[in-house]
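2 protein chains.
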Amino acid sequence: MASTLLSARDLRFLIYEWLDAEALTRRPLYADHSRETLDGALELAERVATDHFAPHNKTNDANEPRFDGERVHVIPEVKKALEVYAETGLAVAGMPESVGGAQMPHLITSACGAYFQAANLGTSAYTSLTAGNARLLLAHGSPEQVRTWVPPMIEGRFTGTMCLSEPQAGSSLADITTRAEDAGDGTYRLFGNKMWISGGDHELTENIVHLVLAKIPGGPPGVKGISLFIVPKYLVDADGSVGERNDVVPAGLNHKMGYRGTVNALLNFGEGRHTPGGSPGAVGYLVGEPHQGLAQMFHMMDGARIGVGAGAMAVGYTGYLKSLAYARERLQGRPLGGKDPERPQVPIIEHTDVRRMLLAQKSYVEGALALVLYCARLVDELASTEDEQERRRARLLLDVLTPVAKSWPSQWCLEANSLAIQIHGGYGYTREYDVEQHYRDNRLNAIHEGTHGIQALDLLGRKAVQEGGARLTLLVETAGATVERARALGGAEAEYADLLDASLRRMSEVAALAWAGGDPAVALANATPYLEAVGHVVVAWMWLEQLVTAHGKEDADGETFYTGKRAAASYFFRHELPRTGPQFDLVASCDRTVLDVPADAL
Amino acid sequence: MASTLLSARDLRFLIYEWLDAEALTRRPLYADHSRETLDGALELAERVATDHFAPHNKTNDANEPRFDGERVHVIPEVKKALEVYAETGLAVAGMPESVGGAQMPHLITSACGAYFQAANLGTSAYTSLTAGNARLLLAHGSPEQVRTWVPPMIEGRFTGTMCLSEPQAGSSLADITTRAEDAGDGTYRLFGNKMWISGGDHELTENIVHLVLAKIPGGPPGVKGISLFIVPKYLVDADGSVGERNDVVPAGLNHKMGYRGTVNALLNFGEGRHTPGGSPGAVGYLVGEPHQGLAQMFHMMDGARIGVGAGAMAVGYTGYLKSLAYARERLQGRPLGGKDPERPQVPIIEHTDVRRMLLAQKSYVEGALALVLYCARLVDELASTEDEQERRRARLLLDVLTPVAKSWPSQWCLEANSLAIQIHGGYGYTREYDVEQHYRDNRLNAIHEGTHGIQALDLLGRKAVQEGGARLTLLVETAGATVERARALGGAEAEYADLLDASLRRMSEVAALAWAGGDPAVALANATPYLEAVGHVVVAWMWLEQLVTAHGKEDADGETFYTGKRAAASYFFRHELPRTGPQFDLVASCDRTVLDVPADAL
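Going line by line, the protein sequences match chains V and E. The UniProt record's numbering applies: residue 1 is where the first sequence begins, and numbers increase by one. The UniProt record's numbering applies: residue 1 is where the second sequence begins, and numbers increase by one.
Because the hints were derived from the structure by calculation, they are not lab data. All C-beta atoms in this analysis are idealised placements derived from N, C-alpha and C, irrespective of residue type, glycine included.
Part of the chain E face toward chain V, derived, beta carbon under 8 Å:
no.	residue
1	Pro221
2	Ile349
3	Pro520
Listing some non-contacts, in silico: residues in chain V with all C-beta distances to chain E over 10 Å:
no.	residue
4	Ser3
5	Glu17
6	Ala139
7	Glu144
8	Asp182
9	Leu235
10	Ser241
11	Gly243
12	Gly272
13	Pro280
14	Gly288
15	Thr385
16	Val476
17	Asp498
18	Ala588
Assemble the whole structure, with the sequences as input and the hints as a guide.
Encoded structure:
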């Protein structure tokens with residue numbers, strides 16, 4: 001039976017036929033790799049995700065982490081899965097040689113990660129948060145900090161978290177009140193409460209490395225006074241062994257609708273439960289310079305945002321494959337015009353509306369996978385090109401695509417999960433099947449790491465206008481090159497190229513119209529419809545790229561891969577892209593309905 | 001604190017200012033009623049729903065019904081709530097005098113029912129299923145059947161169910177295999193399994209009256225051979241007292257994502273656990289003539305479908321009110337252009353995107369409430385008018401609006417619940433707050449009592465074309481009259497009247513274009529986008545009706561009701577109605593993408 005996590009055939013198509021991963025292996029940074037090592041990693045990820053992550057996905061959901069007032073208990077399958085994951089070396093694979101990594105392209109490690117997210121979003125969150133944490137320290141930590149904390153994280157002995165939110169400051173980081181007092185010995189002592197900390201406490205690993213945003217008293221107000229600290233659960237001795245307990249303790253767990261496999265904790269820092277070194281406060285180590293915390297954290301955050309999009313995609317993708325398998329097996333009803341009840345029932349995939357729901361899902365999840373991998377490829381470009389112009393292009397494109405790569409899969413792959421439930425009918429609504437959990441798990445993704453609305457402000461308020469709109473212009477140019485290639489091919493490719501071309505123009509023009517009055521309140525009043533419309537345009541571009549890549553390729557006997565790609569592309573261009581028309585019109589009109597409604601009239 | 005179930009002010013506006021319930025009380029059927037009795041019922045419903053249904057909504061969810069292999073256990077709060085409900089007399093209120101009812105307009109009993117649905121969808125399902133069951137027997141049962149079963153149901157001593165689906169036949173009723181053998185004594189013996197039976201077993205009441213679809217051997221194949229039977233859990237003695245156990249037993253419960261407060265069972269009929277009267281088979285009593293079961297059941301089903309829409313609306317409505325209350329209280333961030341971190345944080349309702357999410361919810365839930373009440377008013381018209389033409393109009397309009405009233409709230413009030421979560425941020429995703437349960441509960445509504453896709457086929461395949469399209473034509477005419485009234489008012493009313501007018505024309509024209517080729521497969525390939533577009537047009541009409549009703553009315557000091565109505569109407573016309581453009585274009589183009597995609601290319 002084919003895997004119901006991701007389609008390996010689709011990954012091969014995107015990674016090799018489209019994004020030319022083999023070209024990356026000819027660059028110095030990735031020179032140790034070849035098609036063989038990349039394929040090996042992908043196959044290993046699929047196997048370990050299938051055998052060690054997927055089996056306890058439901059168990060995790062039904063037996064969420066439990067806090068006994070002192071310790072957090074997690075089902076044993078999670079620890080076992082993380083141990084096996086560590087043994088695979090996949091966490092180390094993408095890291096630089098300097099810390100023992102294999103310098104594998106991000107394109108491949110992202111695809112590997114997606115297998116784990118599809119198999120078990122809850123358990124895989126520990127690995128992705130830890131990787132993000134390690135990368136942040138590689139970028140901003142001192143050599144000593146890197147030596148102390150990074151190897152145990154990428155080897156799976158420690159996990160990592162990011163501690164931003166506080167009960168009174170979720171999206172509003174200017175208002176955090178956790179304070180870090182200079183201890184005079186090169187360390188700080190932290191006091192405060194952090195909320196929504198994924199992986200915040202557990203006994204899955206020897207230690208937990210918290211990266212914590214806090215304010216050093218006397219610093220500037222608001223976000224300008226935020227610094228970043230390493231605050232381990234256990235202090236580490238000079239020889240690297242785990243030592244005294246630090247004063248960071250769980251105060252409670254959040255009980256969520258989904259995503260239950262990941263511990264989500266309220267953490268207290270410096271409440272006095274422990275007194276490391278005999279003094280009050282949680283011991284913290286400043287990363288880089290004071291007051292640079294927000295910028296440093298955003299180094300991790302941008303990657304985390306694309307990671308959220310990747311998770312949303314992966315959960316959408318597996319839901320699609322499961323509903324596809326169900327639709328092929330489940331017998332129910334008869335075709336239109338052949339309702340004779342004496343004839344046997346047909347598999348529900350024979351019903352047009354079921355095919356519509358499958359094709360919609362396919363267009364969302366494969367479109368989202370393409371987008372996530374395209375972003376990963378840009379990360380590789382940024383890391384590996386020698387050409388300064390290319391680096392700048394990659395950086396700007398990644399900047400403008402990040403809010404889209406975060407928000408679009410969170411919205412549309414959730415919709416895919418809803419359609420997967422719908423295909424299963426009443427069964428899909430029960431906990432006997434997997435799809436209801438996917439739907440619950442996926443609903444978080446529009447909230448964490450910057451809400452949907454915050455992504456919209458980021459796109460229309462910053463990314464679309466900074467540096468004279470350079471990012472949006474570059475996006476239009478880059479997608480415009482795809483339009484030209486598709487036009488040259490004629491046929492459906494040319495037809496859809498025209499549609500994309502018109503949408504790209506409208507996307508630019510509408511951003512200008514929104515800002516024409518110069519009033520941010522008016523410009524941003526409809527930022528969310530703008531974000532959603534841009535998302536559809538970007539994914540339409542991803543579909544045109546796939547069509548161009550598939551051009552002229554015929555399916556081998558018994559295969560239908562390219563036929564399916566063409567059908568899903570057609571679905572996206574005919575059923576989906578037109579949604580953007582009214583959205584762009586609304587933004588262009590600077591509609592003031594939501595801006596002007598008095599709060600007390602709601 | 002204002003109720004967070006439904007807005008009593010909105011109900012008064014819709015029921016009295018718009019739908020003129022007082023005019024109904026001047027008709028003979030409703031002559032016992034007055035504004036006072038109607039208000040009394042509404043206030044009673046709000047109070048009992050608040051005090052006895054809402055408090056255990058979460059408890060029900062966290063402690064779902066449990067089957068010990070023999071008996072089904074439900075938390076005691078449910079039984080208590082149903083007892084209090086029975087004492088209120090609300091179940092009897094809408095019934096005819098002939099069975100001791102108070103003949104209250106359906107408009108009012110629907111609104112009362114919505115309070116209970118908003119408070120606790122799970123517990124209220126027992127009451128609405130029982131009412132539907134009683135109404136079906138009133139319409140199709142023999143006088144003796146009515147005497148035996150209806151009074152105990154409306155008095156709350158018995159509950160009722162509808163048993164349609166079987167494990168192999170969910171949406172495909174032609175394939176049911178439960179058989180009913182003539183026992184030769186005027187009764188039948190039933191054998192078979194029924195699936196997804198809400199309220200299928202419990203000990204909340206003395207007895208359960210199952211209405212069961214089954215086939216009498218030798219009858220015609222498919223749906224033409226379906227008959228309807230009363231199959232009680234306990235036989236009833238001649239004096240009406242509950243007697244011997246019948247052979248209908250639970251085989252298991254379904255464990256669902258939401259809607260957990262309602263027992264949902266797999267029932268076995270005639271498996272031999274009991275042998276009533278010493279013979280095998282569950283004793284059943286034929287309702288009406290053999291082979292009329294489907295038509296009879298649809299008498300209940302049409303009402304049940306609008307009831308599903310009402311439930312979806314109610315859950316959406318309470319989610320809206322709760323997120324509104326949260327948005328007024330939760331402090332977070334600062335307005336655009338006033339980001340000084342030294343200033344205090346503002347309530348999140350000050351953020352434009354939060355107002356957008358509130359206004360969207362308001363436009364969905366108040367639009368849905370208007371639609372549900374409009375349908376209830378048509379039921380009253382049908383029941384109370386003396387004019388044959390008016391009866392026909394009411395019946396045809398109700399016919400064409402039923403798939404919309406079922407599907408539109410199921411889709412958009414679920415979306416409202418998603419926005420309610422989003423406004424709560426991370427908190428909304430936790431089980432500490434109510435909104436995540438609303439979202440889970442509401443997701444069922446697009447599935448049960450005819451899936452979303454089945455509603456689409458019903459609309460475009462039947463309701464839009466039967467009798468030369470008379471129903472759609474009548475809908476256009478009726479909404480057209482609203483357009484004319486609104487145009488005469490000028491201003492925003494006239495502006496939106498033009499938009500609705502164009503949409504109504506397009507709605508008709510597109511149905512004709514879809515069917516132009518005469519091939520049902522092509523016509524119905526895009527039935528779902530058609531249903532969704534028509535839903536938006538119908539709700540736009542509901543908003544124009546509300547605008548016209550509000551015209552010239554000024555808010556009293558300290559009130560903002562009409563201002564809010566106007567803002568929500570503007571939102572719907574500017575942000576929502578335009579979505580229908582691309583949907584109608586797609587249907588009009590007879591797009592074949594989903595029709596032509598080969599099943600094996602998915």
